[in-house]
Amino acid sequence: MTLLELDGITVQYGSLTAVDDLSLSVERGELLCLLGPSGCGKSTTLRTIAGFERPDAGRVRLAEGGAPTDVTGTAPNDRDTAMVFQDWALFPNKTVRENVAFGLKMAGVADADRQARAEEMLSLVEMTDHAGADPTQLSGGQKQRVALARSLAVDPTLLLLDEPLSNLDRRLREDMQLELNAIHDRLETTMVYVTHDQDEAFTLADRIAVVNDGSVEQVGPPASVYTDPETLFVESFLGTTNLVDCTVRRAQTPAEPADAQVADGGRVALETPLGEPLFAPATETAVSEDDHVTASLRPEQLSVETVDTTGTETGDASEGDGLATTGTVDSRLHRGSQVRYEITVGEETLVTHRRIAERLGVGEGERVAVACSASAISFFDAGGRRLR
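Numbering (the numbering used here), first residue to last: 1 to 388.
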């Protein structure tokens, strides 16, 4: 059941358009991450949901009982939402317990009831032992737990979180992600979570909305957004990839000569700087001679094998039907549990990585066979749309 609807939201600051005709829905009980680079409009979108920003166009609808109703003009304190901020925003002159109970006090909840609710939330975030402490005595992780407990105490229909873990160190941030996941699973509170951290989004989200220049590029479960990107921005923003500039030279079917014309059911031949062509599948998107196309090869999809002294591949790397060539190892860099390799192929440098236990037995300057199956290569037109 849909709990939140954003319909054509536009937010402008003078000549700057921060959010541009953004439409999105959030289902009841899900955790949706707004993921994108700094300045893309994701925090402005969150503030618009909360009521801190009034959109210049579009409507915000929130289901606070039945079907979603228009709350575009409703004040923040009259919306059934709560927000967790990046800087925690705890009252330094109140105890931890008083901070957690503050929203309930403002709502007129009886003292005994709000104290019981505060204790319940402190227990949930494992902060009961610090109930009487001053917030200035807490660590960053403890402050974040208190801020989360305070927001959950009012039992909001929708919980909004604006990069709440970004001020924590890496290990504590990862621990808090797991704790937040467990809390979400237990309470089934609907959450919209803003982050620029891809790992964080993939850890937390039921669905991800990738935001770019004020608009949503793609929405879906994390795995499907990563493996089946709709745009070049999504492909390049999520994880690491090798982007190769290509030029359309012709389209052909396997049985036709090299100078065959574009044909339904054929494949599009692309000139590349890799020293050999790539072949994109036939697509509904019209492509013509000399059109620009970008090929994306994920590092984990590259097969790399050693080449013996006679120049023969010692593995099966050349069996890939998309790319099958040789290259030279430029660099080998150990990065914790992985080894990163940079390999020159033709005029291009491709990056791949292996786990320490699976690292290649090659050094800088050595020749290797490089392959990538056609099904693992994504192609995008000059406008950044996926060729399908």
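Where hints are given, some of them may not hold.
[As the list claims (entries may be wrong)] Okay, the calculated beta carbon distance ranges per label pair:
# : residue 1 : residue 2 : range
1 : A223      : A182      : 15 to 23 Å
2 : S373      : R170      : 33 to 41 Å
3 : L16       : G132      : 14 to 22 Å
Read the hints as simulated data drawn from the structure, not as lab findings. Even glycine gets a Cβ: it sits at the ideal position worked out from N, Cα and C.
Q. Range hint 15 to 23 Å: satisfied by the CB atoms of A223 and A182?
A. Since A223 and A182 have Cβ atoms about 21 Å apart, the given range 15 to 23 Å holds.
Q: With respect to the beta-carbon atoms only, verify the hint that S373 and R170 lie 33 to 41 Å apart.
A: Because 34 Å falls inside the window, the suggested range holds.
Q.
Holds or violated: the 14 to 22 Å window for the beta-carbon distance between L16 and G132?
A. violated (46 Å)
Hint violations for this structure: number 3 only, all remaining hints satisfied.
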